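Make a model of the complete structure from these sequences and hints.
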Amino acid sequence: MLFAFILIPLLAAIAIFAGAPARKTALSAALLNILGAGYAASTWNCSCWNTGFQVLENPDIKLSLGLTGIGSVMLILSVIVTLAAVYSGKCPEGREKIWFASTMLIAAGAIGAFLSTDVFFYYAFHELALIPTFLMIGILGSGNRKAAAWKITIYLALGSIVLLAGLILAMNQMPSWSFTDLTAAPKHQNEIALLLIIGFGTLVSLFPFHSWAAAAYASAPAPVAMLHAGVLKKFGLYGLLVIGMKVAPEGMAHWLPWICILLLGNIIWVGLVTLNQKRLDLMLGNSSVMHMGYIFLAVAALAANENNSIAEPAAILLMFAHGISIALLFSLASMIERKTSTMEITQLGGLAKTAPALAFLFGLAGMASIGLPGLANFAGEVMVFFAGFADWKDANGQINMGWVQWTTIIALWGVVISAVYMLRAFRRVFQGPLVKSTETATDISICDKIPAYLLAATLLLVGFYPQIILQFINIK
Amino acid sequence: MENLPWFLLLIPIASAAIIQLGLKKSAALSSALSTISVLATFIIAVLLLGKDFSSSFNWIEAGTLRLNIGFKLDQLATCMMIVVTGIGLLVHIFSLGYMRDDPAKARYFGCLSLFMFSMTGIVLSSNFVMMFIFWELVGLSSYLLIGHWYQKDTAADAAKKAFLVNRIGDFGFMIGILMLWAITGTVVFEAMNGASLDTAGTYLAGTAILLVFCGAVGKSAQLPLHVWLPDAMEGPTPVSALIHAATMVAAGVYMMARTFFSLGITAENMEILGNAPDVIAWVGGITSLVAALMATQQNDIKKILAYSTLSQLGYMVMAVGLIAPEAGMFHLFTHAWFKALLFLGSGAVIYACHHEQDIWKMGGLLKKMPITAITFLIGTLSLTAVPFTSGFYSKENILIAAKDSPLLYIAVGVAALTTFYMFRLFFIAFLGKARDHGSKDAKEVPVVMWGPLALLTAAAIASPFFSQFFPTNGHVEVHAVPHFGDKLVLMSLGAFATGFVFAFLLYFGKDKEPISIPLFRNKFYLDIIYQRLVTVFQDAVAALVHFFDEFIIGGLLVDGATRSAQGVGNIFRRFAQNGSLSSYAYLMGLGAVLVIYFTVFAK
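The listed protein sequences derive, respectively, from chains A and B. Take 1 as the starting number for the first sequence in our numbering and just add one per residue. Take 1 as the starting number for the second sequence in our numbering and just add one per residue.
Just so you know, the hints here were simulated from the structure itself, not pulled from any lab data. Just so it is clear, the structure is predicted and the values come from calculations on it, not from any experiment. Mixed in with the good hints, there may be bad ones.
Covered stretches of chain A (chain B as the covering partner; in silico rule of three or more C-beta atoms under 8 Å from a C-beta of chain B) [what the hints assert, rightly or not]:
#	stretch
1	273 to 286
2	368 to 375
3	402 to 416
Beta carbons: idealized from backbone N, C-alpha and C, even for Gly.
As structure tokens, then:
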């Protein structure tokens, strides 16, 4: 049954290559998946969805899929962003096949990874999704697309190798590659944790392995940026939570100071880099790198104390919220570019006058991404901060300021930084008098509105009532 | 009855949502819906006066964390609800006239409804996290309303500034909430108690309170985060009256009162907070003095009132710091009515003078718009604490709280300055003769605008007599009626007389500014200093970091990538025992690289 979620987009991709009408096929596949995920989420309450078969006896590798609590949240995220991605962006004339087929392949890979309950296939599905990502940037990207594609390929391929090394080192000490058999590794925990932090970290653009991200997202066609930044990138964080914390809890604790310093690199350092961006797409790309720092903060809280019960749900909720909001922002940025033919912030102005719906949606998404209450990201961020302070007072009532508490306090300053760059951009793009590029711009069409409102409504719904996502994680 | 308070939240958010989703094109329906919604909430607020109960539901439940959305009704909350919905209602009605010809009237009323929702949320909050949520949401509505005329650069900049300065305050507020949560084990007001502060120690408890106070410094525009409020006058004047004078800016005082009541902080046990209360009191005192000095040299009618608001908020904060939050709340309550009155009065003047805001271009308005002028005068008398006006009673309570502190002299000095700048305003704008065509053609405003002024005048006079609704924590005698002949009353009367005489001598019958004090006129140059600081510490540092990021991290890592891959390979070989898998790993990674290379680059 769960195979359907992967097979539908996979078959859609094959059909598109075989000559089926590209956009319609992709849309139907995305819709089917969203319906399926809705059904799965509303009825799921046991392991009855689990499925799989043996691939290798030694090592013990199975192609097995299961719907865990966290996995269902990621599945919902994937199908929503996939549908929005299929709708978004303007496909160049004559390239429909590769455009829509790649989108479907990325979706299939991402969903496969999040449904896998076997470490090997978890890894393999992600690799499957990366290849069309690289191709799309290299072939259909904008600007300096070859440089951007080369950079992301080098970084992510090397990151994947480091990661695989860490995984093999860990899995050799486990009875099988299945998620259910993961336990704390008896040996080499520090080395495993280091390899996983660098490997997964590179895939999530952890400082200082982040320079691939902004350039790649700025160059990538909208659906690819949406799917990678929104969904696929969460693979690394998911891996750290589900695998890293299980196989090397002591190793993670050993590297805690480094995790804290690097995540502050994301929040403060990259935050300042974001502040200095002159192009809207680069600014959004950097902001997405910056916000990874908050999810790493939850990882750090968990590394400091693996019994921190707030950190994991906080991370998952924030991953979901960030995925939706960044997908919406990339989608809207591509619309702005289509309407005004520029991404230079200084060449824009007053767009709210000529495109009020676009301004409303961008304002909402921007506010979400800077953590305004009432929108999903705030719920996630506030939980992360609480997770950071959960162990402030130890069992004896003694108060100790540790790495995580100091990091949380410094990280909170990032909330100010992100407000500065987001409001500055909004101010310059949408407010003030009209300029040449914006005075003839038109508002977005109904076709653009559908995916945007879908994402915006998700942000509002989860923001007002976060339990709708948290309920999946609370059920064990 | 138990569910009635939820409607206080549901009605305005429903109104905002309906306007945003369906009524954008219909200004008349939007304004009617918004006004009716606030009338309904006002009626509910009256019904709930004096009630005392609470209710909540789970908003976030994960692991050991429980965060609720709920309401807590008590004297403090119900009383504040009357201020919010009462002034809200009058401002909505006034806006029907003031914003009649605005092309974006529907958006304006939608945002007002959003504001009513957010402000109600702050007042009803049963816990700190909920308060923070609505705290930021009032920030959003304030941002949207200041930037109502967003095509004007000044309005768009002012809106942005207001939001960002408040964010800085909220940075501290959030840390304070986290610390209080870690210390007391809860964020719920009812469940907090001061005893747990003892175990944390003076230093941590005081720090936590001061961090929470940071939120109030931002929202209530205290030094050094006061710079956004005068700029916020770029918004429509009714908005200035409601948000930037009567309700939102007072939320800081409300929040601190709520905090002190919940933690049971009184004059007897205040030492568990160390020096924190002194810091709060002095921040308030200095703000009230500095803002009053700035107000004496402004020419824009709204700016004078804005600095006056800063100054009065400083008074309230000072009272809170002197552990007399009930005196601060009492002043908040009386101030809300007469300051809303003054702002709407200035709105009427601006409307009548064809959007002229410079008082030196007005003059003689007493004859041309008598209702506005007389109501404005009553507001002025209340603000300057003339005996038997509402401001007199509430200010006297603050003086009583300050009587053993050097802050008393600041408070009396500020009272004199307040009288001085308010009568300067009144003499120049309302007396003498018209100095510009705007004021020559001025006519009395329509009833939809002077009606609210008249009602606010009534409320400004009567407000101290609703005294039984005032919050107490059982330790302090609330708003003692001052005795004439008392030293404090004499000081207050002396202050009034001094301010009035100087204003009369300097400004009565004058047509241009007789004195010039650049330091006050230029707001102690604080705005310019901040601007420079931001340019250096934020923008220049950001540019430097960007440079390093691009050329050092980006450059070095890409170059070093091949070498580090080799290093990783070595580690990997040492530990990995499974030969077939390790070669698979290389194949997969290399394969990906080669596929990309051949399809994209080798053409």
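Problem set entry | Hints the structure fails to honour | The structure conflicts with no hint, since it agrees with every one listed earlier.
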